[in-house]
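Visitor: Read off the chains here:
There are 2 protein chains.
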Amino acid sequence: MKDLESLSAFQAAKKLAKREIKATDLLLACLDQIGQRENIVKAWASLGKENALARAKALDKGAIKGLLHGLPIGIKDLFDTHDLPTSYGSPIYANYYPRTDAVSVALIRQAGGIILGKTVTTEFASFKSSSTTNPHHSEHTPGGSSSGSAAAVADFMAPLATGSQTAGSIIRPASFCGIVGYKPSFGKISVAGVKSLAPTLDTIGIFGRCIEDVALGVAVMSGDHELANVVDLHNKPRVAVLKTPGWQYASPDTRGAIALARFSAETFAKGKVSDIDLPAELHQLTQIQTRIMLSEMSRSLAFERMQYSKKLSNLVASQIDQGAAIEYKQYKLDLDQAITARKMMQNLFDENVDLIIAPSAIGEAPLAKEGTGDPLFCRSWTLLGLPCINLNVSSGHNGLPIGVQLIAAYGKDQFLLSAARALALALPDPVLRDQA
Amino acid sequence: MKDLESLSAFQAAKKLAKREIKATDLLLACLDQIGQRENIVKAWASLGKENALARAKALDKGAIKGLLHGLPIGIKDLFDTHDLPTSYGSPIYANYYPRTDAVSVALIRQAGGIILGKTVTTEFASFKSSSTTNPHHSEHTPGGSSSGSAAAVADFMAPLATGSQTAGSIIRPASFCGIVGYKPSFGKISVAGVKSLAPTLDTIGIFGRCIEDVALGVAVMSGDHELANVVDLHNKPRVAVLKTPGWQYASPDTRGAIALARFSAETFAKGKVSDIDLPAELHQLTQIQTRIMLSEMSRSLAFERMQYSKKLSNLVASQIDQGAAIEYKQYKLDLDQAITARKMMQNLFDENVDLIIAPSAIGEAPLAKEGTGDPLFCRSWTLLGLPCINLNVSSGHNGLPIGVQLIAAYGKDQFLLSAARALALALPDPVLRDQA
Chain A
1 MKDLESLSAF
11 QAAKKLAKRE
21 IKATDLLLAC
31 LDQIGQRENI
41 VKAWASLGKE
51 NALARAKALD
61 KGAIKGLLHG
71 LPIGIKDLFD
81 THDLPTSYGS
91 PIYANYYPRT
101 DAVSVALIRQ
111 AGGIILGKTV
121 TTEFASFKSS
131 STTNPHHSEH
141 TPGGSSSGSA
151 AAVADFMAPL
161 ATGSQTAGSI
171 IRPASFCGIV
181 GYKPSFGKIS
191 VAGVKSLAPT
201 LDTIGIFGRC
211 IEDVALGVAV
221 MSGDHELANV
231 VDLHNKPRVA
241 VLKTPGWQYA
251 SPDTRGAIAL
261 ARFSAETFAK
271 GKVSDIDLPA
281 ELHQLTQIQT
291 RIMLSEMSRS
301 LAFERMQYSK
311 KLSNLVASQI
321 DQGAAIEYKQ
331 YKLDLDQAIT
341 ARKMMQNLFD
351 ENVDLIIAPS
361 AIGEAPLAKE
371 GTGDPLFCRS
381 WTLLGLPCIN
391 LNVSSGHNGL
401 PIGVQLIAAY
411 GKDQFLLSAA
421 RALALALPDP
431 VLRDQA
Chain B
1 MKDLESLSAF
11 QAAKKLAKRE
21 IKATDLLLAC
31 LDQIGQRENI
41 VKAWASLGKE
51 NALARAKALD
61 KGAIKGLLHG
71 LPIGIKDLFD
81 THDLPTSYGS
91 PIYANYYPRT
101 DAVSVALIRQ
111 AGGIILGKTV
121 TTEFASFKSS
131 STTNPHHSEH
141 TPGGSSSGSA
151 AAVADFMAPL
161 ATGSQTAGSI
171 IRPASFCGIV
181 GYKPSFGKIS
191 VAGVKSLAPT
201 LDTIGIFGRC
211 IEDVALGVAV
221 MSGDHELANV
231 VDLHNKPRVA
241 VLKTPGWQYA
251 SPDTRGAIAL
261 ARFSAETFAK
271 GKVSDIDLPA
281 ELHQLTQIQT
291 RIMLSEMSRS
301 LAFERMQYSK
311 KLSNLVASQI
321 DQGAAIEYKQ
331 YKLDLDQAIT
341 ARKMMQNLFD
351 ENVDLIIAPS
361 AIGEAPLAKE
371 GTGDPLFCRS
381 WTLLGLPCIN
391 LNVSSGHNGL
401 PIGVQLIAAY
411 GKDQFLLSAA
421 RALALALPDP
431 VLRDQA
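Here the protein sequences come in this chain order: A and B.
Just so you know, my numbering puts 201 at position 201 of the first sequence, and the rest follows in order with no gaps.
Just so you know, my numbering puts 233 at position 233 of the second sequence, and the rest follows in order with no gaps.
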C-alpha cells in the first residue's frame, strides 16, 4: 500500500470505484506525506483527520457514492466548510465554523469526496503572502492566492484541491508548483459559500496532477458529469499563440515554455500554429480587470472594513480604500468594456482559433520574500471569463517549473480539456506527459 | 411627530439629512405601526428593536453617515445579518446568527441605514406560502418570496425593505401589495451573503412606496450613488406594450391595468405607444427559466438535502429532486438559449423600443390558501436579466392593487427609474401619482 499518495486523482478514483484500493489506505498515505512534509511546505490551515478517517471507513463499507468516492480533497480556506474552521486567511475569522458548506464543497461530499482539510489561502485571496512554501524550493513562493492547494497537490499531500481565481489565483500557483490548474468558464461552478471578493471575476476551479484529475473535480462541482470523461480530439483544432499584453515582461524561461508548447502543439494542430494578437481595443484589459477588482473589493469587504478595520492587513485595507476611490462611472465604463471585449473574443474564436497558448506567469516562482508573483498574464483571461488550464511544460533556470496557459472559447470546457490532454501527450519530456 | 411612518423613504432621508426629523422618532413611529398591525400582517421574522434604537440615537448625535442616514430598513430574511437571526425561512436555520452581514446589508449600514428587523421570506425563497398576510386584505397573499418586505412597506411599518428575485419574488409581491418594487439589472448588486438559490437568476432589489425610494435603496446597495438622483426624461422614449407569453391567462384586471398604463404613457412617449412581441424564438423563456432554476436549486441546496432532509418541506424537497433529474445537457442548452435571448432582446431595444410595459402578475393577490401567486409574467424578464420596476396603477374587482411592470434594456437602470417616474406622474388617480 506504499506510494498510494502518488496516484493521480483519476487513477485513484478508478481503483476506489473498483474496490482495488481502500479509501482509508489512500487517506493514511496522504496523512503520512503531510506528516513528513508539512513542517516545510505549510500548505494546511487545518486538517480534519478524525472526520476524514471516519468518513473513509464508512465509504469503504458502503455503496459507491459518486465520481469522487473515497478521494481525499483539500479545500481552499476561502470555501465554507461546516465541520472545519474557515478563516478566509484572516484573523477576523479565526476559529469560525460556518453553518453550511459552500455549494461546491457540498457537491464534493455528495459525490463521495473526503474533505481532508483546509488549505492555506492568502488573506481574503489578496496578494498578501501566506506562510506556504513552494514544494520544489522552500525559499520560493507557491504563488497565491490558492497557495496551500497548489502546494499540497504538488507535494502529493492530496490528489485534488479546490481553488478560486479573481486575478490569477489558480493558473499562477499551478505554474509555480508544476501542476495542472483549471479555471473553468465563468459561472460554471456556483460561488455560493466562497468568500466573495469581486463577483464579476470570482471563479471556482481546481488543482490536480493530470488533466483527467481536474476534469473530474470540475465535473462534480459543476454538475456537468460528462466533463469527467476526457475524450480524444475529434478534429484537428486551430491553435495559436497569443502573447498577452505585457509580453515584454515575460522571462526567457516563459518564452522558452511558449516555444516548446508551440512545437508540441504542431503535432495535433490544423496547419501551423499561428500567432494572433488581441484586437487593439483589448490591450487595456489588464488595467480594466484591476479597476473592476478593486472597486468590487471595496464593497465586498465593506463589513470587515467597518467592523474589524484593525484586523485587516495594511495591504488589504489600502486595496479597499483604493477601490472605494474609483468613481462608479469609471467602473461602469470598465464593465461595459468587458462586455464588448467578451463579444470580440467570441468573434476571434469563431473566425480564427480554437485553442490559444499563452503565458501563465512571468517566469519561475519568485522568492517568497518578493511576494506571490505577478498575475499579469492571467488578469485578461479572468475578465474575459474564458476557461483556462495551466499545463507544466518545462523548468526554468533555477530548476523550478514553468507552465503555459491553454485557453478556449467561453463554454468550450470539454474541448479545452481534450486539447490540453493532446498537448500534454505531445510534450518531449516523458515525465511531463504523465499529465495527460 | 405623528405619522412619520407615512413619509416615503426619500422624503424621510431628506428630512433626516437636514436634521428636520430625528431618526429615533421615525424609528419609534415605525415600531408603533408594527405594534398595532403585526398581529394581523405578520411581516417580521424578527425585530432588532434594542440595537435599532441605540443606533438611531447614535445617528441623531453623530455626523451624517450617508444616503440612508437614520432610515429604518427591513431586511428580507434570506440576507445574512450578523446581529439578527437569519433563517432563510427554514427551520434548519432557526436561531442562526451569521458571522458576517450580506454585502448589501453592510452597504446599507455604511450609508447610515438602521436595520429594523428581518422580514419573512418563504422557505429558501421558494413558492411555499409564508404566514404573512396582504395588508389590504388579510385573507389574501402578499405574494412571495419577499412576502414580509412587501407587506411591511405597504403597511407603513418601514419605508424601505430589501428583496430578491429568482422567478418573480420582487415584482409579484410589489404588485399584490400596491407598492413600488425594483429589480435592477442582473449583477448590479452583489448577491454575496444572500442564500443562493439559482446563481444565473438570483437578483437583489428593493421595495419602497415611491420611485425615488427604490432608487435610493439600489443606489446604496450597488454603489452607483448617482442613481439616487432620479432625473427628468431628456427625450421622449419609444414605449411599447409587450404581452408576455401567457397573456391568455391575464385577468381582466391586469388587462385593464395595462390599458391604463398605455394610456398614461401616451403623454410622454415618442409617438403612439406601440405593441411589440417577443421574437418567436423567445416564446419558451418561461419554461427555460423554470428548468434553469430547478437544476441550479438542486446543487445550491445539496447541503440541506444531504444533511437536513427531514427539515425540508415536501415542496422544496421535490423541487430539488425535480432539478436533479434534469439532464445537464438540457441545462446547458437552456443556458445557451438564455445567452442568445439576451442578445436578441438587446437588438429589440436598440431598434424598436426604450421602455416596455408588461403585466406584473396575472391579477390581484389570490387568496392565501391558494399559494403565493404565479410568477408567470416575471420569469422571462428575470432570465433576461433586465431591470424591472413594478408600479401600482389601479385596483381590481376585489379592490386589491394591480401593478404593471416597466422594463428597460440591460444596464439602463437610470433611464428606467426616470421613465417609471414619468409614468407615475401621468396616472389619472392623484393618490397613485404620489409614487412619483
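If you are wondering where the hints come from, they were derived from the structure by calculation, not from laboratory data.
Using N, Cα and C, we set each Cβ at its ideal position, and we do this for glycine too.
Certain hints may be false.
[To be verified] Straight line, CA to CA, 25 angstroms or less: simulated SDA-like cross-link-like pairs of lysine to any residue:
#1 A:57 <-> A:85
#2 A:332 <-> B:348
#3 A:332 <-> B:39
#4 B:61 <-> A:308
[As the list claims (entries may be wrong)] Ranges of calculated distance between the beta carbons of each label pair, as one might list FRET restraints:
#5 B:324 <-> A:57: 55 to 65 angstroms
#6 B:251 <-> A:277: 52 to 62 angstroms
#7 A:62 <-> B:315: 21 to 31 angstroms
#8 B:347 <-> A:324: 44 to 54 angstroms
#9 A:311 <-> B:91: 40 to 50 angstroms
#10 A:311 <-> B:281: 51 to 61 angstroms
[As the list claims (entries may be wrong)] Partial list, derived from the structure: chain B residues whose beta carbon lies under 10 angstroms from chain A:
#11 110
#12 200
#13 246
#14 331
#15 343
#16 344
Visitor: Each hint needs a verdict: does it hold in this structure or not?
Guide: Taking the hints in turn, this is what the structure says about them:
no.: 1; hint: A:57 <-> A:85; result: holds, 23 angstroms
no.: 2; hint: A:332 <-> B:348; result: holds, 22 angstroms
no.: 3; hint: A:332 <-> B:39; result: violated, 44 angstroms
no.: 4; hint: B:61 <-> A:308; result: holds, 23 angstroms
no.: 5; hint: B:324 <-> A:57: 55 to 65 angstroms; result: violated, 27 angstroms
no.: 6; hint: B:251 <-> A:277: 52 to 62 angstroms; result: holds, 58 angstroms
no.: 7; hint: A:62 <-> B:315: 21 to 31 angstroms; result: holds, 30 angstroms
no.: 8; hint: B:347 <-> A:324: 44 to 54 angstroms; result: violated, 36 angstroms
no.: 9; hint: A:311 <-> B:91: 40 to 50 angstroms; result: violated, 34 angstroms
no.: 10; hint: A:311 <-> B:281: 51 to 61 angstroms; result: holds, 53 angstroms
no.: 11; hint: 110; result: holds, 5 angstroms
no.: 12; hint: 200; result: holds, 7 angstroms
no.: 13; hint: 246; result: violated, 28 angstroms
no.: 14; hint: 331; result: holds, 8 angstroms
no.: 15; hint: 343; result: holds, 9 angstroms
no.: 16; hint: 344; result: violated, 14 angstroms
The structure is inconsistent with the numbered hints 3, 5, 8, 9, 13 and 16, although it conforms to all the rest.
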